[in-house]
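**Q** First to last, the protein sequences are chains A and B.
In terms of my numbering, the first sequence opens at residue 1385 and continues consecutively.
In terms of my numbering, the second sequence opens at residue 2 and continues consecutively.
To be clear, the hints were calculated from the coordinates, so they are not data collected in a lab.
Calculated pairs, DMTMM-like style, for lysine to aspartate or glutamate (alpha carbon to alpha carbon, straight line, at most 20 Å):
1) B:198 - B:130
2) A:1553 - B:109
3) A:1553 - B:108
4) B:167 - B:75
5) B:167 - B:109
6) B:37 - B:75
7) B:169 - B:86
8) B:198 - B:218
9) A:1471 - B:81
10) A:1550 - B:108
11) A:1553 - B:86
12) A:1550 - B:109
13) A:1553 - B:130
14) A:1471 - B:20
15) B:242 - B:218
16) B:131 - B:187
17) B:122 - B:108
18) B:169 - B:75
19) A:1471 - B:63
20) A:1553 - B:128
All of these numbers come straight from a predicted model, not from anything done at the bench.
Here is what each chain is made of, one letter per residue.
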Amino acid sequence: MTDFLFFIEVVVAGLLAGTMYSLVALGFVLIYKASSTFNFAQGAMVFFAVLAFVGFMELGLPFVVAFFVTIVLMGLVGFFTERLVLKPLMNQSEDTLLMATIGLGFVLEGLAQAAWGVEVRRLDLGIGDFPIPWIIDSTGLFISALDLTAGLVAAVLIIGLALLFKYTKMGLGLRAVADDPGAASSIGIPLGNIMLLVWTAAGIVALVAGMMWGARAGVQFALVDLALKALPVLIIGGFSSIPGAIVGGLIIGASEKVLEVYVGPYFGGAIEGWAPYVLAIFFLLWRPEGLFGEKIIRRV
Amino acid sequence: MTASTDNILEIDAIEVVYDGVIAAVHDVSLTVPRGKIVALLGGNGAGKSTTLKAISTMLAAERGMVTKGTITYDGKPVKDQGPADMVRLGMVQVLEGRRCFAHLTVEENIIAGAYSRKLSKAEIRNELEKIYTYFKRLRERRKSQAGFTSGGEQQMVAVARAMMAKPKMLLLDEPSMGLAPQLVAEIFNIVNTLNQKEGVSILLAEQNTNVALRNADYGYIIETGHVMLHGTAQSLLNDEKVKDLYLGVSKEGRKNFRDVLRRESAVHPDFHQA
Ligand SMILES: Nc1ncnc2c1ncn2[C@@H]1O[C@H](COP(=O)(O)OP(=O)(O)O)[C@@H](O)[C@H]1O
Ligand SMILES: [Mg+2]
Chain A
1385 MTDFLFFIEV
1395 VVAGLLAGTM
1405 YSLVALGFVL
1415 IYKASSTFNF
1425 AQGAMVFFAV
1435 LAFVGFMELG
1445 LPFVVAFFVT
1455 IVLMGLVGFF
1465 TERLVLKPLM
1475 NQSEDTLLMA
1485 TIGLGFVLEG
1495 LAQAAWGVEV
1505 RRLDLGIGDF
1515 PIPWIIDSTG
1525 LFISALDLTA
1535 GLVAAVLIIG
1545 LALLFKYTKM
1555 GLGLRAVADD
1565 PGAASSIGIP
1575 LGNIMLLVWT
1585 AAGIVALVAG
1595 MMWGARAGVQ
1605 FALVDLALKA
1615 LPVLIIGGFS
1625 SIPGAIVGGL
1635 IIGASEKVLE
1645 VYVGPYFGGA
1655 IEGWAPYVLA
1665 IFFLLWRPEG
1675 LFGEKIIRRV
Chain B
2 MTASTDNILE
12 IDAIEVVYDG
22 VIAAVHDVSL
32 TVPRGKIVAL
42 LGGNGAGKST
52 TLKAISTMLA
62 AERGMVTKGT
72 ITYDGKPVKD
82 QGPADMVRLG
92 MVQVLEGRRC
102 FAHLTVEENI
112 IAGAYSRKLS
122 KAEIRNELEK
132 IYTYFKRLRE
142 RRKSQAGFTS
152 GGEQQMVAVA
162 RAMMAKPKML
172 LLDEPSMGLA
182 PQLVAEIFNI
192 VNTLNQKEGV
202 SILLAEQNTN
212 VALRNADYGY
222 IIETGHVMLH
232 GTAQSLLNDE
242 KVKDLYLGVS
252 KEGRKNFRDV
262 LRRESAVHPD
272 FHQA
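Please take these sequences and the hints and turn them into a complete structure.
**A** Right under this line is the structure:
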């Protein structure tokens, strides 16, 4: 029975960690839908956002103020990305855009380190990375408070964004642009504003993910690689699907923890880093369009 | 009132170039009188879409540019506006190939057409109801994903979506493309009704000369970016050369006006000198 409890614990911890992957993957999906490009800068955005946040806190700004100032900063990053990078490249091939986002990633990494230095920062959110007593008492499960908080925050953000897309005018505009930017433009939907919205949303997502991860492992460059775990998530979930990003994140989160704990020892441990990619490759062979990859609707 | 304000659109000798080199339109002039339907006719590659995109300012997105001539819409020059500005000024283009938002429902597609207007939820519902009275078929399909509706329904969605922007002028690019004659008739019926009841002026690009002229007041025939002939729809329908070339009455396989003119000048060597 304790073995089973332990298994549940591993799965729950994995799912909670997975919500973070879902969240970051969501940032990719947004930009993929709006500009049909895989935003390689997303990892750098996570790093940039949380480093800026910690930097603002070090300057003495209160938590909430630092949070909103960082969001504004990410909005600005989105604005300049739209104006200086995406707009001039609007009619270029998707490969060109991809290269541009890789370049943007390097620029953000460089800027972040130039502005805030290279050493690992501590980020204390006031939430410990240890089990919550009442959950132990009631279920016998050891669930970390930080994991649980991260899971809840990610869930709230994801639901919020989903509602925004489904029920607001901006959301409708975004979905229209995702389907056909030319047609969207022909009925007066301003592509620039939609891009700005998308990049700002991706920036917020990046900041939150960076904060949650940074609180556990320190704010450091490794966050960039952590964020790139969204790639296997997207392969599993499908690049253009919001539900796919969510489910894919949970699958990656849970399976990498389970594999780490039960299979890891045979490989000498630490397989978390690459297990998701192996999983993704199997998925690619089995279902190249991803679990939720939207069926490409052909025009009649 | 001066003559020019009776025309909602005046195009004067425009030249359009793609990528800075490829001239797609060389010399097109045309006018659309307020409240009328004008057909822009010509075969594939004649420059119809390019002309429409020059007017709606959607050219820039394809690296195209008006390099000569002027376009005047509603008394004001079309110069630095973008597509969103034009929509706000009441000029909406329905692009060639329908271009619905495939993953949105029919109703979401139509509502998206109101993006440029500041409407309350209730006002949007009102407008929707009005649109559905013209497009009855779409009311039944309102909850369907647009990508899964038929070609005819998608064309209706595209026109309905454009009407949701409350246009003074519509640019329709080949609405008959790929549709069965009965559906083409249905769509042209709706277009005519919109023109009469809503007073919307229409510039209609078509390869289907017959249907277009039967539904238009005036027509222009263009070839390789030049206006070859223009006149009232009735006069064009009765024109021998038009019958010959575009209305499928001819038994010979001549392709365009140039050939006809060349032939005429060959048969009558002093045709041009006369
Ligand atoms: N985006 C573009 N870039 C370069 N050339 C183009 C582009 N669009 C159209 N053309 C060229 O311009 C000419 C006119 O095309 P178009 O306006 O689409 O004709 P139509 O709509 O009458 O079929 C054609 O020779 C076509 O190849
Ligand atoms: Mg065309």
